[in-house]
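Colleague: Chain by chain, the residues run as shown.
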Amino acid sequence: MGDLLANAMPVQGLIGGLMIGTASAIMLLGLGRIAGVSGLAARAVGITVDGAPRPLSIAFVIGLPLGAALVAILVGPVEARFEQGLAALIIAGLVVGFGTRLGSGCTSGHGVCGMSRLSARSLVATATFMITGFATVAAMNALGLGQ
Amino acid sequence: MKRPIAFALIAGTLFGAGLAVSGMADPQRVRGFLDLFGTWDPTLAFVMGGALIPMAVAWRIQQRMPSPLAAERFTLPTARDLDPRLIGGAALFGIGWGVAGLCPGPAIAGLAIAPVPAAIFVTAMLGGMILHRLLPAAPAKPSKLETSHV
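Residue numbers (our numbering), protein chains in the order written: chain Z, 1 to 147; chain L, 1001 to 1150.
Chain Z with its partners taken away, still in its complex shape (with noise of 0.2 Å):
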């Protein structure tokens, strides 16, 4: 276990989880909504009509790269290493908001609500896409594409 934790945080990994769950309670309780970060994103933008009302869509959205930028004013630098090159980021994204849109979800979505919910679509989901993950990371280590 010593090794497995060596460059873990787990009491940070905790504390960020409870802000992240109590945040989403926010959205559950006060606005009657999922706090599914693709689909307010999509909706934000003005990609999709569905979902939560555009402007509470925008004001969470927003409230993103805000909590992260206080975070790193009032605790101190936020580690980002982004080492994956141009293509590797593009693709990425393009499959990332393909998928989420298709899937109807994504970490947050699923992940988060969905699954405290005991949602079966979003265990499914979630289960679908840690084991595509797992396997897409194992799968470039392989063939040298990893770090």
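These are calculated hints, taken from the structure and not from any lab test.
Some but not every residue of chain Z turned toward chain L, in silico, with C-beta under 7 Å:
id: 1; residue: P10
id: 2; residue: G16
id: 3; residue: A25
id: 4; residue: L64
id: 5; residue: V78
id: 6; residue: L89
id: 7; residue: G93
id: 8; residue: C106
id: 9; residue: T132
Stretches of chain Z that chain L covers, calculated by requiring three or more beta carbons in the stretch to come under 8 Å of a beta carbon on chain L:
id: 10; stretch: 32-38
id: 11; stretch: 42-53
id: 12; stretch: 65-75
id: 13; stretch: 116-129
id: 14; stretch: 133-144
Built from N, CA and C at the ideal position, the CB exists for glycine as well.
Chain Z is already provided as a structure; the job is to place chain L on it using the hints.
Modeller: Here is chain L on its own, set in the frame of chain Z:
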């Protein structure tokens, strides 16, 4: 500021701060979690575990509330079917997540931390969403009876 907007802005800000605190704004840490057969970094599991606790409580509270605090009614997903779109979409999303170590929340929050690469990813992500929008819609349900199990 209108009350519902304040709720959404506070939720988004707390969500973004949580991503930054938890290390999830760092694509290499997320890829470390997905590197199950290499040097695995379990941090994301702690984040997910931490996030599920308040939400599990919130769903219990939601069942006892006639309406949300700042909206007329609850507007929640009702779909129950495990259709190919759900599974295919999730599978594709996982591939992109593995390639870059980015999902929509951390990518958008990352605009404040690493603006250039985050903006490239977010722009491509919105492009992918537009591509999906351009596809023909799912065929309509054959009958209301088939969806009445909700």
